[in-house]
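Novice: If you're matching them up, the sequences are chains A and B in order. Numbering-wise (the numbering used here), the first sequence opens with residue 1 and increments by one. Numbering-wise (the numbering used here), the second sequence opens with residue 1 and increments by one.
Just so you know, these hints were derived from the structure itself, not from any lab. Keep in mind the model is a prediction, meaning the values are calculated, not measured. Careful, some of the hints might be misleading.
[What the hints assert, rightly or not] Keeping only pairs whose Cα atoms sit at most 27 Å apart, straight-line, the calculated BS3-like set for lysine-lysine is:
#1 K68/A <-> K108/A
#2 K1/B <-> K108/A
#3 K61/A <-> K57/B
#4 K102/B <-> K108/A
#5 K61/A <-> K1/B
#6 K13/B <-> K57/B
#7 K108/A <-> K61/A
#8 K68/A <-> K102/B
#9 K57/B <-> K102/B
#10 K1/B <-> K102/B
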Amino acid sequence: AQSVTQPDIHITVSEGASLELRCNYSYGATPYLFWYVQSPGQGLQLLLKYFSGDTLVQGIKGFEAEFKRSQSSFNLRKPSVHWSDAAEYFCAARLDSGGGADGLTFGKGTHLIIQP
Amino acid sequence: KAGVTQTPRYLIKTRGQQVTLSCSPISGHRSVSWYQQTPGQGLQFLFEYFSETQRNKGNFPGRFSGRQFSNSRSEMNVSTLELGDSALYLCASSLAEGRSEKLFFGSGTQLSVL
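Extracted from the complex, chain A is given alone in its bound form (with noise of 0.2 Å):
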C-alpha cells in the first residue's frame, strides 16, 4: 500500500541550530512529493515540492529538501531555525490515478519544538 511515513513524532531544537525532518514513502512508481507546515489553528501552507529534475529542493522560509531515490526519502532541511519556525510539518505525496490525481497521502506529522 501507499505510504508516507515520518518516524520522529516530536523534534527538539535549539534556536540558531540545524534541523532535518525525515520522510520516507513508499510507492510503486517516484510520487510527487511535498512538505507542508502547520501553525495552531491553521490550514496547511506548502513549503516545497518535488517532482523530477534537481534533487536538491528550494522551498519557502529558508527550507530545503533533498530527494534520495535509493532510500525513499525526501527529508527537509533548515540550516539555522527561528522561534517562529515551531509547528507541525507534514511530508505528503501524490501520484496520478485513472480519473486524475490521487489525493495527497500525508505522514502522521513531526512537531517541531525551539528551545530559546
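Since the structure of chain A is provided, determine the placement of chain B on it from the hints.
Specialist: For chain B alone, kept in the frame of chain A given last:
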C-alpha cells in the same frame, strides 16, 4: 486575493445529526478537495471536485458526501454523525486538477460530535 474560506469555523453537533460544511476556493481556482484531520488518523483525503465533477474519493463511508457548484464553491455533508467524525475538516483549492498542482488550504472547520 482572498484565500480559501471555510465556514463555519467551529461546529458542535450530536450523534445522529447531519452537518454541511462550506468551502469557497480562491478566485479562479476550479479544483476543490477535502481532508479530514484527527489526532489518531492524521490527515486523510476525502474527495476532490473539478468543474462540478467528483474526480476522486478517499476511503470513507457513504455518509460522507460532497458537491461543487458552478462557481467552484464546494460543500461537504456528513449524515448520521458518529463520535468518530469529530475532526478538523480542511478544504483545499487549486487552479486545476492533477498531481503537480499546488494546493492552498483553508483554516478548516472544527467539528465536535457529542
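Novice: For which of the previously enumerated hints does the structure constitute a violation, in increasing order of number?
Specialist: 2, 3
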